[in-house]
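First to last, the sequence lines map onto chains C and W. Numbered by the numbering used here, the letters in the first sequence go through residues 8 to 331 in order. Numbered by the numbering used here, the letters in the second sequence go through residues 23 to 295 in order.
Please note that the accuracy of each hint is not assured.
[Unchecked claim] Calculated lysine to any residue pairs in the SDA-like style (CA-CA distance at most 25 Å, straight line): (1) C:Lys88 to W:Ile177; (2) C:Lys33 to W:Ile198; (3) C:Lys110 to W:Lys24; (4) C:Lys87 to W:Thr132.
It is worth saying that the hints were derived from the structure and are not from the lab.
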Amino acid sequence: MTFTLEQGEMLGIVGESGSGKSVTAKALMNLLPRTAEIDGRVRFDGEDVRALAAAGSRHFWGVRMTMVFQDPMTSLNPVKKCGEQIAETLRYHLGHGRVAAMKAATDLLEQVGVPEPGRRVNQYPHQLSGGLRQRVVIAMALACEPDLLIADEPTTAVDVTVQKRILDLLDSLRKERGMSMILITHDLGVARGRCDDVAVMYAGRIVERSSTETLFDRSRHPYTDALVRSIPRIEQPSHARLDPIPGRPPELIDPPVQCAFAPRCRYAQADCLESVPPTEGVGESHEFACHHPANTPRGREALANNVAAGVTAAGLQISYRKTR
Amino acid sequence: MKTLGRPFWIAVGWLMLLTVLAVFASWLPLEDPHEIGAAEARLGPSSSHLFGTDALGRDVFARTIFGARISLLVGLLAIAFGMLVGGGLGIVAGYFRGVTDQVISFCFFTLLSFPALVLALLITATIDRNQWTVSLTLGILSIASVGRLSRANTIVFAEREFVQAARVLGADSTRIITHELLPNVMIPMGALALLGMGIAIVAEGSLAFLGLSVEGDAVSWGKSIVDGSQARDLENNPNVALFPIGVMFLTVLALNYAGDRVREYFDVRETAF
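Based on the provided sequences and hints, a complete structural model is requested.
As structure tokens, then:
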């Protein structure tokens, strides 16, 4: 996979569980386990991130690039007070004194919308609710005003009202500070509403990437297309059947030589089973990896053939159902 | 709000009292614990000899207080050494895993596979036996069990996300170990330290029975107990052995109880999940 993120922009990475979203984030942050085989390169502002890490660059992680984890329950140290955990980062990277760092920590908590920050700094993580803890985690990540923040499903563990507040908060901080963000989510609605660009991952690859608008209106990859179709829409009559994607994602222990999505794809043709489709339009505003892209003449022809035959080349039974 | 409770303070009070008495023993109006024949031998408890006198006419009370010096010191030093070496190695093994872990764990198993007493005999029989070397011997014996506990605890915490979170905030391995893992591992280790101190104090007693505790006329609880342990003495003057035994018993009990309470009190995680 290849992608670029401009300063101040927000890239969404979507995909179902096990599609490699978190592994991507960890690869970016150089957090992969030692057993991982690594090739390719992550460049940050022209510098190779892994080289920086190997050189033991002390004030890179946390200061220029940082990450917020999924689960606020385990991403705070249980035996240290919240304020102390934020202040520690400030003292370590920015050389703040004890008192100044504590003051800054309180201010940060206030900025991320924690009520009574003066009291919260002296509380332990277990004394806070999930939403508050996630905000403390975000405050920690933002402490040194990083240039790039990777948020790995920052709102999965919290309820929808808190989810909105946290996303609004990240949005406004991004605009205020010109911070770039990568938002990893499996919530298409969130990606659509918040991101400039969206990359769709399937079986460890980016299968389609473009600006949010293009992706949702003119999706090319049948997987993206199917995902967009499976979102319940408010204008549907009640009890309307949703349009699910049949089957389940492939096992990646032994990756298929064919297009990974072919067995579940309504467009699948014989060539889909023979080779992995190359990514078209790399480096351009819209890239995708499909032999028979949806919403193109080739794709329409493929779909029409499959519908006429009642079965795809991969053996998936399809019955044509009128959608949209 | 959790409290430590009155029994905890009684236990701590007992330990404090003993410590103060032991530290200031030389300045207290006590009989000379070493002088043979200072009083009549084998006296029962009385107002002039609170715990009576032993077979050589030495004051048992004075010997118990002076014995506390060495017994407490040995207990403290032994477990401090075990914590420092075993605890440190355990954290390193649990954090880095892989080959480091295998090598360190192998060393722990090697230590564990020696019968403790044989190892203790081996060391104490070959060197001068003073309070430092006896502490060292018992400290070495505690390394493996302390180390394995610290390793196990480290593994539990090292897998939590806050360790990765610290890493993305720029912490290196040294910093993660000292700032993230250590404060978490310290809690069970602190409790174990108090427990281990009790065990070391008893172990010193065992060495004394083998004649391998501190040499010369230095007094320890173990040696005082041995002095009163001949069958004749146990029958006619049980006070000579029983008083040091009682003091040792109460001390170990206090240490165990305090250790348990401390662990419960500082374990903020108990209410967390």
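Requested in this report: Would you list, in rising numerical order, the hints stated earlier that this structure does not obey?
Outcome: Hint check: 3 and 4 fail, others pass.
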